[in-house]
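Colleague: Protein chains in written order, with the numbering used here: chain A, 6 to 120; chain B, 2 to 113.
No lab work stands behind these hints, which were simulated from the structure alone.
Treat each hint with caution, since some may be false.
Now the in silico label distances, taken between C-beta atoms and shown as ranges [as the list claims (entries may be wrong)]: (1) B:A81 to A:N36: 17 to 25 Å; (2) B:K14 to A:T25: 21 to 29 Å; (3) A:E22 to B:N60: 35 to 43 Å; (4) A:P46 to B:S8: 15 to 23 Å; (5) B:Q18 to A:R68: 41 to 49 Å.
Coverage of chain B stretches by chain A, computed from C-beta distances (three or more under 8 Å per stretch; other residues unrestricted) [said to hold, decoys possible]: (6) 43-53; (7) 82-95.
These numbers come from a predicted model, not from an experiment.
Virtual Cβ for every residue (Gly too), placed ideally from N, Cα, C.
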Amino acid sequence: AQTVTQSQPEMSVQEAETVTLSCTYDTSENNYYLFWYKQPPSRQMILVIRQEAYKQQNATENRFSVNFQKAAKSFSLKISDSQLGDTAMYFCAFLRLGTASKLTFGTGTRLQVTL
Amino acid sequence: DAGVTQSPTHLIKTRGQQVTLRCSPKSGHDTVSWYQQALGQGPQFIFQYYEEEERQRGNFPDRFSGHQFPNYSSELNVNALLLGDSALYLCASRTGGYNEQFFGPGTRLTVL
C-alpha cells in the first residue's frame, strides 16, 4: 500500500514571498503520478500541479513548481510570489497507474498568506 | 459548463439512520469516484463507478454502497450510520485514462 506524508501541519508566508511545502511518499511502484491539490475554505478541491513519475523534468504551472526527487520519494511544492488567494489547505496525493481513480492523499498542510 | 455538483450541501442524521448523497459529474465525464474526508484529514477513497458498475473500492465496509445511473450521475448510500461517519463526502469525476479528476464542493454529513 502507498502512504503519503506531509510533515508540516501549518505554514505561514508573507504576500509576495516564496514558500515550499514538503511531501514524502512510500511505494514499491515504479509508474505513478503525484499531485498537489488546493482546498480553500469553500471546500472545492482544485488541482494545482501534476507530475508523472517517468518524467525527470520538474513540473511547473505559473507560480507553482515542484521538486520531484524519485529516489528519495520526495515531492515538494514551491509557491512563488505568494498571494492572499493562495491561503488554503494543500494536499499531496499519489496515483498508482492501473488504479486510475484511487488517489491516496496526505493529511494536508494549512497555508496562511499574510499581508 | 457546470462542474461537478453535489447535493445536499449539509445533512444531519442520527445514529442508525441511512443517508443518500448525490453527485452529478462534469459534462463529458463518465467516471465518478467518492471520497470521505474526516475533519483535519486528507480524503480517503471509497469507490469508483464506471459504466454503472463499481470498479474499485477502498477500505470501507459494506454499509457504504453506491450506484451510477445511465446519465453518469451517482449516489452514495450509507446504512446504519455511526458517529464516525461524520465527514465531508467528496465526489470526483473524470473521463477515460488518467485525466485530471474534478472534485465537487462536497456534502457535509453530521451524525448525532
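Colleague: So, for every hint listed, does it hold in this structure?
Modeller: Here is what the structure says about each hint:
1. B:A81 to A:N36: 17 to 25 Å: Cβ of B:A81 to Cβ of A:N36: about 39 Å, so the range 17 to 25 Å is violated.
2. B:K14 to A:T25: 21 to 29 Å: 41 Å, violated
3. A:E22 to B:N60: 35 to 43 Å: 40 Å, holds
4. A:P46 to B:S8: 15 to 23 Å: About 20 Å separates the Cβ atoms of A:P46 and B:S8, which means 15 to 23 Å holds.
5. B:Q18 to A:R68: 41 to 49 Å: 46 Å, holds
6. 43-53: holds (count 5)
7. 82-95: holds (count 4)
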